[in-house]
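Chemist: Line order of the protein sequences matches chains A and B. Residue numbers for the first sequence follow this note's numbering, so the first one is 64 and each next one is one higher. Residue numbers for the second sequence follow this note's numbering, so the first one is 116 and each next one is one higher.
Just so you know, the hints here were simulated from the structure itself, not pulled from any lab data. Glycine included, each C-beta is placed from N, C-alpha and C at the ideal position. Treat the hints with caution; some may be incorrect.
Coverage of chain B stretches by chain A, computed from C-beta distances (three or more under 8 Å per stretch; other residues unrestricted) [what the hints assert, rightly or not]: (1) 228-237; (2) 258-268; (3) 271-279; (4) 287-301.
Sample of chain A residues at the chain B side, in silico, Cβ under 10 Å [to be verified]: (5) I74; (6) R107; (7) G113; (8) E115; (9) L116; (10) T118; (11) L151; (12) V303; (13) P304; (14) T307; (15) F309; (16) R310; (17) A313.
If you want the building blocks of each chain, they are given just below.
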Amino acid sequence: MPLRKTQAVVIGRMALGESDRLVTFYARDCGKVRGVAKGARRPRSRFGSGLELFTQGQLLFFETERSDLARVDSFDILHSFQSVRENLERLMYGSWAVECLGRLSADRDPNPALYGLLLRTLKALETPCRPPRAAFCFALRAVDLLGHRLRLDRCLKCGTPSPFGSKSGRLDFTAGGLVCEPCATYGSDGVDLSGLAVGGLRRLRTLSWDEALRAVLPPALEVEMAGVLEAQMARLIGQVPRTTRFRTQARRALGVNGGSP
Amino acid sequence: MAYYPEPVARLIDALQKLPGIGPKTAQRLTFFLLKRPTEEVTALSEAIARVKAQIVNCSICFNVTEEDPCQICSDPARDARLLCVVEEPNDLLAMERTGQYRGRYHVLLGVLSPLDGIGPEDLRVRELLARLEGQPADEVILATNPNVEGEATAIYLAKLLKSLAPRVTRIARGLPVGGDLEYADEVTLGKALEGRREMG
Ligand SMILES: [Zn+2]
Ligand SMILES: [Zn+2]
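Required output: the full structure, derived from the provided sequences and hints.
Modeler: This is how it looks when you write it as structure tokens:
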């Protein structure tokens, strides 16, 4: 059984059997790894609090021959991201990001750039930045890194350069990008998009990570852009993310409202 | 996959729905049961049927009980002004084993979990608020698990309960009794330090 060592972040976890835990990691050198941590739910487990959501650590695991599940040997904390777990707003958006990542990536498909993006997002969530913005910037870059970049520079059908003046366009998910209003097919799989939002999305892509986190955006525009990304994520995953359902309920109960994601 | 007689396949299928039981274990359990004496297996199936027929959730605290309200809710010796909120009936039993708690309980029947899409409307949160409005408590103890889901639930409830209870507390987190300091990870040790208290 080969032993492997890599940096990784915990992106999901569930109880398994009497006292074990099935943990999903996103590893720098291996991509998504699902592994069994024996005895991890016992109070005196050697894993301690290391296997909590968002924890970054040094992962040591064995490949097993019989299944695609690895056996977790150890996971030593490098950074616990505790403050992201202990704030409801940060937890909601951080969970949304790791859910999208977990569902859009295949097992053992290394993507160090995506790992870097995940870490940057968690670090942003630790700062006073607005959590929705961090999640939104994550989504915008993650879809690119996963090969689902939408073309926004021109109409995919007639080639008219965007934005289309005062007219809105339509983001056609099947076509893989923007189509102008005259070319848009009624009822196609996609969402309408204002010229401002097209410009905003293109601008955020070209900004550096820190600039994108700080960029001043009119709230209505940010909500529109975030909604587009939420729709694209739901389309790619095949359903609305579970974390979105959670957020809707939590907001309703606490009497706060706000944009997605 | 081999072909089993229909009743065998049906039992394997049913057992597989239990938590922590995969196809292999379900198969092993089924063949184990086939070898046991009839009265033993009948007793087991009756016990399963009876637990479903006779056990309900207490309409006040949502603990599992034979009579509604449950023994704890109807015990006048239990302090009604002290309320302990737990995730599951199992957690209530664990608290009772300490023999130190004389208040009452509220069982949420779950825990908030963003990644599973389990929100406040899936738990007995509304019932908790209504209960506190009807019968105020001096202190509400949040005894959810010290993991990300339990913590999120505690933070969320603390926000909601602020106006309903004068004192909302969270059970201490930290080192397990009998453990070694040097083996504790930084998060656990940090929590233990945070929850330190005056001695003597
Ligand atoms: Zn066109
Ligand atoms: Zn009761």
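Chemist: Could you run down the list of hints and mark each one as holding or not?
Modeler: Against the structure, the hints come out as follows:
| no. | hint | verdict |
| --- | --- | --- |
| 1 | 228-237 | holds (count 10) |
| 2 | 258-268 | holds (count 4) |
| 3 | 271-279 | holds (count 3) |
| 4 | 287-301 | holds (count 7) |
| 5 | I74 | holds, 9 Å |
| 6 | R107 | holds, 5 Å |
| 7 | G113 | holds, 6 Å |
| 8 | E115 | holds, 6 Å |
| 9 | L116 | holds, 5 Å |
| 10 | T118 | holds, 8 Å |
| 11 | L151 | holds, 6 Å |
| 12 | V303 | holds, 9 Å |
| 13 | P304 | holds, 8 Å |
| 14 | T307 | holds, 8 Å |
| 15 | F309 | holds, 4 Å |
| 16 | R310 | holds, 7 Å |
| 17 | A313 | holds, 6 Å |
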